[in-house]
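Heads up, the sequence shown is in our numbering, so the first residue is 1 and it goes up one at a time.
Worth flagging that the hints you see were computed from the coordinates, not collected in a lab.
Treat the hints with care, as some may be off.
[Said to hold, decoys possible] Computed Cβ-Cβ distance ranges for the label pairs, DEER-style: (1) SER214 to GLY22: 46 to 56 Å; (2) MET62 to ARG185: 38 to 48 Å; (3) VAL167 to GLN392: 48 to 58 Å; (4) ARG185 to GLU376: 55 to 65 Å.
Treat the numbers as computed from the prediction; the structure is a model and nothing was measured.
Backbone N, C-alpha and C define an ideal beta-carbon position, used for all residues, glycine too.
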Amino acid sequence: MRVGVVTAHDAIQFMLVGLIVGAAIAKLFQLRFPVAETNRPAAVAMCAAIIFMGIATFQESMVVTDFLGRSLDTNISYAQRHTPAIISFACVRMAFVCWIWPPSRRRRRRMAMHFAVLVAVLAMRWSIAVVSSPHDAAAALAGDWTAAPWTTAAVLLYIVYVGSVFVATALMAWGWAREESIARRWTATGLKLIAASACGFFMYIGHKALFLLSAYTVGRPGYDPLAAERPILVTSVFLLVVGLGMPLVATGVPAVALLARQRVVYREMGGMWLSLVRFRPDVVLMTWAPSWVPNQWIGFWEAVDIREMAFRLFRRVIECWDVVRCLRPHLDVSLRAWALTRARAELDEFAAAGVGDAVMLRVALTRARSGAAALEEAQRALTPAGLRELGQNASWWQRVARAWDHPLTLRLTAEVDARATVST
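Please take these sequences and the hints and turn them into a complete structure.
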């Protein structure tokens, strides 16, 4: 039975670690691709809190705890288990300082004060661990607190610091969630979850304090304190991690969706863009693949590299328009109308419009390469009106790119080329 209980405990711990790793990756993604309203110092502190909470949770699994107990003295391993939890709680507190107070000297002073307190608490915790004995810590872990004065002092330090942090965190999170300035529902929900987790951690700390008081006054209670605290601790960690990651639903998810759309448009424009810039390679200002990437792997690199995607898409759109400007003497508006009419017989209006533009551009490329005479001004097509923003331009070019290699586009282009050959 003991093995089964231990295995269940470890399974829960490792599932929590998996959740924490996912939240940390999401936070790192938010830091790598921030949106305009991202509070970077607060996001950094939240990410650090999640990472150190993951380390603390991993260390609390039976497998890791037993390993630490065998590898280190009990007093040192117990301090090692406390350290990432203390740092994580401090990072949560500092995240709220960065979130609530605007950038100022006052905020810097508060951050410096909290960091100094954290360093002092860690120094005191490790000093107690160094001067205490393994037997002292072992007695405390066995529940015999009266035989563990040094570890009792360490746990009291832990209780006072963590308790004060989470009282302040609960008050700030709940009060901030009720502010009218919190416009995003997901952010307010995350703050409420953080407040609930703070209450859970305070219950955990309160139970530990009451157990110590009972052990020193009326005798050790007749139950396992760790078994009683574990459900509270697991629930509190879960609420904290989900609460810290919840604002990403409001900011990170839209950013990921936008990045995904930009990447799709960028990739779909690739073949058409390559055909255009082969005519005027001088319009390409820079390449994004590193110089060490072989030419045959550049396409693969472009497919997986998501750095500066918005700027790269902007550059690709501009380069396509630069080529179109050079092709304008050969852009035949009547040819586009003819291709559009033919395409409407087989495709919907949106796809037909893309085919009409694609046929006109393909024929213009052929005419420009062959040195054909320029069209009269009245015959030349004009640039589409209303394309002022990147999204509008990208959507227009995406429509043309989808039609660029469409069978109907190729067939109509071949018909035009055949007529031109016969007429010459």
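Each hint tested on the structure:
no., hint, in the structure
1, SER214 to GLY22: 46 to 56 Å, "violated, 39 Å"
2, MET62 to ARG185: 38 to 48 Å, "holds, 39 Å"
3, VAL167 to GLN392: 48 to 58 Å, "holds, 51 Å"
4, ARG185 to GLU376: 55 to 65 Å, "holds, 59 Å"
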